[in-house]
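**Student:** Since the structure of chain Z is provided, determine the placement of chains X and R on it from the hints.
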Amino acid sequence: MKTLLAHTKEINEQLARYGVKFGIYKDGTFNERLFPFDPVPRQIPEKDYEVLEKGLIQRVTALNKFIFDIYHDKKIIRDGVVPEEFVYRSPGYLAQCEGITPSKDVYSHISGIDLVEGKDGVWYILEDNLRIPSGASYPLIARTLCRRCSPETFKRHRVRDNRNYGALLKRTMDYVNTGGINVIFTPGRYNAAYFEHSYLAEQAGAVLAESSDLFVENQTLYYRTSRDPVKVGAVYRRVSDEYMDPLCFEPTSLIGIPNIMDAYRAGNVAMMNAPGNGVADDKGIYYFVPKMISYYLGEEAILKNAPTYLPYYEEDRKYTLDNIDHLVIKDVAEAGGYGVVFGENLTKEQQEDLKKTILNAPRRFIAQEVIDFKDLPILENGETVERKADLRAFVLSGEDVQVWPSGLTRFSRNPDSFVVNSSQGGGFKDTWIVCQ
Amino acid sequence: MRRELSFYFDTVLNFSGSVTEHNFLLRCIPADSPEQKILSYTLTVYPDGAASLGRDSFGNVVRAGRVVEAHDSFRYTLQGMAYRDDSQRLPEEAAPFYRYASPLTQVTPDLEAFYASAEKDMDGCNGAAIQMQSQNGVQVQSVPGGCSTLNALEKAKILCARVHDYFTYTPGETNVMTTAGEAFAAGKGVCQDYAHVLIVLCRMAGMPARYVSGLFVGEGASHAWAEVWMDGLWYGIDPTHNRLTDETYLKLCIGRDYSDCPLERGVFSGWAEQIQKVFTKVSD
Amino acid sequence: MDSLSVSKLNRLFWLGRYYERLSTTLSYLWDWYDVMIDGEIDYPGFCRKLNIDCCYKDDKDFMHNYVFDKNNPDSLRTVADAMLGNGMVLRDVIGSRTLAYLELAVMGMKSAEESDSPTLPLQRVIDFIMAFRGSYDDTIDDENVRNIIKCASGVERLSLYLRLGWHLDLVKPEIGKLMKRMNRTTLQPSHASLQVLLSAKNPETPEECAKLLEAAENLFVV
Numbered sequence: 001m002k003t004l005l006a007h008t009k010e011i012n013e014q015l016a017r018y019g020v021k022f023g024i025y026k027d028g029t030f031n032e033r034l035f036p037f038d039p040v041p042r043q044i045p046e047k048d049y050e051v052l053e054k055g056l057i058q059r060v061t062a063l064n065k066f067i068f069d070i071y072h073d074k075k076i077i078r079d080g081v082v083p084e085e086f087v088y089r090s091p092g093y094l095a096q097c098e099g100i101t102p103s104k105d106v107y108s109h110i111s112g113i114d115l116v117e118g119k120d121g122v123w124y125i126l127e128d129n130l131r132i133p134s135g136a137s138y139p140l141i142a143r144t145l146c147r148r149c150s151p152e153t154f155k156r157h158r159v160r161d162n163r164n165y166g167a168l169l170k171r172t173m174d175y176v177n178t179g180g181i182n183v184i185f186t187p188g189r190y191n192a193a194y195f196e197h198s199y200l201a202e203q204a205g206a207v208l209a210e211s212s213d214l215f216v217e218n219q220t221l222y223y224r225t226s227r228d229p230v231k232v233g234a235v236y237r238r239v240s241d242e243y244m245d246p247l248c249f250e251p252t253s254l255i256g257i258p259n260i261m262d263a264y265r266a267g268n269v270a271m272m273n274a275p276g277n278g279v280a281d282d283k284g285i286y287y288f289v290p291k292m293i294s295y296y297l298g299e300e301a302i303l304k305n306a307p308t309y310l311p312y313y314e315e316d317r318k319y320t321l322d323n324i325d326h327l328v329i330k331d332v333a334e335a336g337g338y339g340v341v342f343g344e345n346l347t348k349e350q351q352e353d354l355k356k357t358i359l360n361a362p363r364r365f366i367a368q369e370v371i372d373f374k375d376l377p378i379l380e381n382g383e384t385v386e387r388k389a390d391l392r393a394f395v396l397s398g399e400d401v402q403v404w405p406s407g408l409t410r411f412s413r414n415p416d417s418f419v420v421n422s423s424q425g426g427g428f429k430d431t432w433i434v435c436q
Numbered sequence: 001m002r003r004e005l006s007f008y009f010d011t012v013l014n015f016s017g018s019v020t021e022h023n024f025l026l027r028c029i030p031a032d033s034p035e036q037k038i039l040s041y042t043l044t045v046y047p048d049g050a051a052s053l054g055r056d057s058f059g060n061v062v063r064a065g066r067v068v069e070a071h072d073s074f075r076y077t078l079q080g081m082a083y084r085d086d087s088q089r090l091p092e093e094a095a096p097f098y099r100y101a102s103p104l105t106q107v108t109p110d111l112e113a114f115y116a117s118a119e120k121d122m123d124g125c126n127g128a129a130i131q132m133q134s135q136n137g138v139q140v141q142s143v144p145g146g147c148s149t150l151n152a153l154e155k156a157k158i159l160c161a162r163v164h165d166y167f168t169y170t171p172g173e174t175n176v177m178t179t180a181g182e183a184f185a186a187g188k189g190v191c192q193d194y195a196h197v198l199i200v201l202c203r204m205a206g207m208p209a210r211y212v213s214g215l216f217v218g219e220g221a222s223h224a225w226a227e228v229w230m231d232g233l234w235y236g237i238d239p240t241h242n243r244l245t246d247e248t249y250l251k252l253c254i255g256r257d258y259s260d261c262p263l264e265r266g267v268f269s270g271w272a273e274q275i276q277k278v279f280t281k282v283s284d
Numbered sequence: 001m002d003s004l005s006v007s008k009l010n011r012l013f014w015l016g017r018y019y020e021r022l023s024t025t026l027s028y029l030w031d032w033y034d035v036m037i038d039g040e041i042d043y044p045g046f047c048r049k050l051n052i053d054c055c056y057k058d059d060k061d062f063m064h065n066y067v068f069d070k071n072n073p074d075s076l077r078t079v080a081d082a083m084l085g086n087g088m089v090l091r092d093v094i095g096s097r098t099l100a101y102l103e104l105a106v107m108g109m110k111s112a113e114e115s116d117s118p119t120l121p122l123q124r125v126i127d128f129i130m131a132f133r134g135s136y137d138d139t140i141d142d143e144n145v146r147n148i149i150k151c152a153s154g155v156e157r158l159s160l161y162l163r164l165g166w167h168l169d170l171v172k173p174e175i176g177k178l179m180k181r182m183n184r185t186t187l188q189p190s191h192a193s194l195q196v197l198l199s200a201k202n203p204e205t206p207e208e209c210a211k212l213l214e215a216a217e218n219l220f221v222v
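Going down the list, the sequences are from chains Z, X and R.
According to the working numbering, the stretch in the first sequence is residues 1 to 436, in order.
According to the working numbering, the stretch in the second sequence is residues 1 to 284, in order.
According to the working numbering, the stretch in the third sequence is residues 1 to 222, in order.
Chain Z with its partners taken away, still in its complex shape (with noise of 0.2 Å):
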């Protein structure tokens, strides 16, 4: 590990040389800096990393089969295991999707799932995102930048490779693809994760595509060139559902393709993932994850949720109210480390108002307690310091169901933050899967 150390240097020359970059929106102008890399990686036995795995596949299973059944025959709300008014008032929820099968039946493509590490040593989920999770890029990139900085330590300590993220990709566009070219459509430069974007095109072999690039024509998409129209099979979105078609959704949109919730539909391309997964990672939904997986599969969890409580539940909305000054509020609207409220931090003054919003619509709101995590070594001007960190793990759902061996680790740079993610200014490790 102290070689690697040793080559911090190099490895940040090597991440701007392939501008590994973010881009942040401050005060209305778009900046973009440089994701800061720390060289310690986390380390996941392998051990660890196999119940890891086995449980972040049940998971997404059950959540694909959830998306499949709210959009279709809603078995588990008609059999009172989820609430109704926890999908329907959910803003994940589209009306606009119901009874569209998408290819091979996949909703969630490319899953990122939330987890930490708690100081017991228990792996907890904090959350799931089903939309479109973004990261896997970064540790794609800083792996293969930290071998070619210090080959050393990659003899010395054996980790699983990484590097095939790319593959995954493709292998799961090319099984769900209808037929015509892979495609992963942006927003455009100056979104946050532009670079991923790219990159992520370069290493799937797909092309990279803005909305003036493609068009649809008798529900078929098509990609625009000089020459012949190309038809698109499978188009990896990196555009919200809302702004994805002006004809169905947000009609004031510039980012998106006319029609291509109609093409789509008619079942001539795949969209990855798919519309209308909103309503799998809502906050609120988070809750039913276990029953999910229970109901659909007939098993135990696997893998725990943070201990999570919702005031929707009398019982439930007693505990929250009685213990607010150690629990953690989320409001289910939001996302991206925005809407979170540690009780703790309040004024007296302060949680009672809290309670009073709670108490006014209980079902916007879920109440966690607080892990407590276990810190990671973090490099800051040379010294460890420990910082809070999470782990997003990357679930590809094609033929199979597959776990990526790695995942982004971001940390948190101020001490007393437990906020880790990236638009919030942390930075990111490598994680790495190590074979005994």
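Below, simulated EDC-like cross-link-like pairs (lysine to aspartate or glutamate); rule was C-alpha separation at most 16 Å, straight line: (1) R:LYS110 <-> Z:GLU32; (2) Z:LYS119 <-> Z:GLU386; (3) Z:LYS104 <-> Z:ASP69; (4) R:LYS60 <-> R:GLU40; (5) R:LYS60 <-> R:GLU114; (6) X:LYS277 <-> X:GLU219; (7) Z:LYS75 <-> X:GLU93; (8) Z:LYS291 <-> Z:ASP79; (9) R:LYS70 <-> R:ASP81; (10) Z:LYS54 <-> Z:ASP400; (11) R:LYS70 <-> Z:GLU32; (12) R:LYS60 <-> R:ASP42; (13) R:LYS110 <-> Z:GLU13; (14) R:LYS49 <-> R:GLU208; (15) Z:LYS74 <-> Z:GLU84; (16) Z:LYS74 <-> X:GLU93; (17) Z:LYS21 <-> R:ASP81; (18) Z:LYS9 <-> Z:GLU380.
FYI, nobody ran anything at the bench for these hints, they're computed from the structure.
**Tutor:** Chains X and R in isolation, oriented as in the chain Z frame:
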């Protein structure tokens, strides 16, 4: 009463400049159902290209198209014959999303207060007789007191009368993006706004409610109303005219609110203002 | 897939023009650092020839702001950013390895700005652009794609030579190279421009330069 309707629906969009790469989606082809058999129809679209037919999640027929070449107007004309008989309706389930707020039918405090006051008529048993014009506009129907026994449709009628009385029909004050809350606050609007507000109130009362775009016997513009679901059947209710719909109404498309089912929606390249002219004629 | 989208074709073309503008202009100004040691530079004349605002206080201000100021829309730094911006959206076409040379060129501009002897880091910028050109030529299989960028760079070079009245003896050979490359692409040249360029000699008068410049600039409409 069974009727055969002949319908004609013509829309012209004039652009102030020329536009290209025009992608559009039409929802004006009426769905064929037991109570509304489409005996024949023709749809002409000009200019037109790459036409395709499909269905959306609300069951509407969608007709897509794409015109690449420059043009400065767009016209679609629908005409045909339909056989209408509401007694032929078949029981169906109401999709659960028709019970929940949609983009243009969010509940606001104003609407909540309005609903609370209307609720007195429905549950308070103050015996207020609700007058409603029936189909031919002559007969006066009254809902008796003892309202705890009111069924969903009777409640919807009360709410419909309330909405009708509350609103002042005023074209030009609202547009297609206006929410129920905004229209309600203004107290003015057109059939779309009446329908949105009634839908919000019916959903507050716990009944599935949906938005209908369509035509009715006579000449003029296209129309919008609401439908509420009771015991397996959808009932049309028209708050603009404070009446239940009948076989003089022809349904073109449905949704949770207007934004789910505009009769025409398009996007194009080019800076142009557009002026829309609509003419409809339905006769029996 | 062997065909590019229209928007990528456009990006590719402008990438070619910007890298050529950056490297050729840097080469032109290269000597000025030497001239400035014991003499003066004609920067107002330079601005006039390129038809850009002459908003500089003195020689030193010009050499700093025109080269490095990223808020100056005419500056070479702005050209470098535009070059990289067009390159970034072509990562799937040109590849990360080749694209990296554009990143390095822009980083080179930044470090030259901070240096008290900018000529050496600027030399590196030109080196990186040369490396980009080599890497590009070496890795792109499609002859059309390979030559489009060269056509754009040829147009830009001609344009700069003719505007600056520099290397006028090389104009005819440059036109010859451009014509050969053009024939290996799907680019549709303007007929009128083509006539002028095909019959061109090395220009000797400002009028001849202007005529050729117009033809070169209008050769391709991308």
